[in-house]
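Student: Start from the sequences and build out the full structure, keeping to the hints where you can.
2 protein chains.
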Amino acid sequence: MLRLYDSLLSGNSWKVRILLNQLARPFERVTLDLGKGEARTAEFGHKSRFARVPVLELEDGKTIVESGAILLYLAQGTPYLPKDLYERAEVTSWLFFEQVDLQKSIAPCRVHHLHGHADSMPQEIERLHAEGYAGLEKLDKWLTGRRWLVGDRYTVADLALFPYVSMSPQGRFDLERFAAVRQWIARVEGEPGWINLWHGGAPPVR
Amino acid sequence: MLRLYDSLLSGNSWKVRILLNQLARPFERVTLDLGKGEARTAEFGHKSRFARVPVLELEDGKTIVESGAILLYLAQGTPYLPKDLYERAEVTSWLFFEQVDLQKSIAPCRVHHLHGHADSMPQEIERLHAEGYAGLEKLDKWLTGRRWLVGDRYTVADLALFPYVSMSPQGRFDLERFAAVRQWIARVEGEPGWINLWHGGAPPVR
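As you go down the protein sequences, you meet chains A and B in turn. For the first sequence, the positions run 1 to 206 when our numbering is used. For the second sequence, the positions run 207 to 412 when our numbering is used.
Some clues are possibly wrong.
As the list claims (entries may be wrong) - With a straight-line cut-off of 27 Å between C-alpha atoms, the simulated BS3-like cross-links for lysine-lysine are:
hint, chain 1, residue 1, chain 2, residue 2
1, B, K268, A, K141
2, A, K36, A, K83
3, A, K62, B, K344
4, B, K242, B, K268
5, A, K83, A, K62
6, A, K36, B, K344
7, A, K62, B, K289
8, A, K138, B, K268
9, A, K83, B, K268
10, B, K289, A, K138
11, B, K242, A, K62
12, B, K289, A, K83
For the record, the hints were derived by calculation from the structure and aren't laboratory data.
Tutor: Dropping the structure here:
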């Protein structure tokens, strides 16, 4: 059986859990406590050369790291990844954009706020907000007049962008002016097989 | 004929030019002056929704953005991208790591130093150095005892990581303690079809 190493708060791990559910692929879930350094042990280092989650462990014990690589691997040959090479390149380009232009700024901003550290680092929060808003603006512009990111249907591109964009208000991003983004978030949440962040796991104690 | 929109300094564009040369694919090169805002015009916005280079324009006028997506598209069906799905996932994971953990810190650090702004932003340079060194350490650890990133041959994973890692000293990163990285850089430069950054274009005026 597939095994997924994740953490309770990780949006990158949430992407993989949603796709596994949508594909009806059974898996064993191993949830690490990142605060206790469980992703930085030598043992976990053999599973993840980058010392982070998510990690997908295959039946033969080999592991795949990086959420984008895991999504593309699992979606291969399914309706969630276009067969057409050009459309697939479109999907892939969104996956890179998400990691660099959205996740890289929204994720730490969210963690700083959830952990109550944000007020002590105003310059860092300002920098992260500037970067994240620049990404959200490009996304909103693209989604205006479109239902999905690539072609006319939901793909792993939509799935990959969904978690950190939808959770960005936890990092005090205001989505009010991004109407197309808000409507798209609702569409993704309405897809068959979508599950919320806490599905199968307890919410973290604040 | 393929058309590549790039810029003289862009390491992400360099990746694509190397691969096109290694694949012996002829292409027309259109070099933008980013300092003059040539990537932010409305016209270029139709080619690149993210307002940046590289952009690969296909024969039918459609465009592919994001260097990682372009590399995966061009390498499909060639020796530079493994056919095996697991090995391909390994390649893809390195492409994501490069954008988030290396390029995102090394590229701006390099630009700040090349443009002479670095001394006025010590905290920002310190932050970028900390991030970039963390990525370089993971890379060096992986390359120790290995010739290539994935399997036993050069792939687009090596190509994708090469430009910003090899140019990191321009951002005052010291590669002295990363012996495996330095040997790997020399191997990549020795690959058939490798071309230097200025191949076919003039070096920028300092």
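Student: Taking the hints in turn, state whether each one holds.
Tutor: Against the structure, the hints come out as follows:
1. At most 27 Å may separate the alpha-carbon atoms for a hinted pair to count; K268 (chain B) and K141 (chain A) meet this at roughly 19 Å.
2. Restraint check: the Cα-Cα separation between K36 (chain A) and K83 (chain A) comes to about 42 Å, which exceeds 27 Å; the hinted pair is violated.
3. Annotation: proposed proximity of K62 (chain A) to K344 (chain B) holds, straight-line Cα distance about 19 Å (limit 27 Å).
4. A distance of roughly 25 Å separates the Cα atoms of K242 (chain B) and K268 (chain B); the hinted pair therefore holds under the 27 Å criterion.
5. The hinted pair formed by K83 (chain A) and K62 (chain A) meets the criterion: a straight-line CA distance of about 26 Å does not exceed 27 Å.
6. With a C-alpha separation of about 21 Å, the suggested pair K36 (chain A) and K344 (chain B) falls inside the 27 Å cut-off, and the hint holds.
7. Restraint check for K62 (chain A) and K289 (chain B): the C-alpha separation of about 17 Å stays at or below 27 Å, so the hint holds.
8. Between K138 (chain A) and K268 (chain B) the alpha-carbon distance is near 19 Å, which keeps this suggested pair within the 27 Å criterion.
9. With a C-alpha separation of about 17 Å, the suggested pairing of K83 (chain A) with K268 (chain B) holds against the 27 Å cut-off.
10. Of the pairs offered as hints, the one joining K289 (chain B) and K138 (chain A) is violated, with about 34 Å between alpha carbons and a cut-off of 27 Å exceeded.
11. At most 27 Å may separate the alpha-carbon atoms for a hinted pair to count; K242 (chain B) and K62 (chain A) exceed this at roughly 48 Å.
12. Proposed proximity of K289 (chain B) and K83 (chain A) is supported: the alpha carbons are some 15 Å apart, at most 27 Å.
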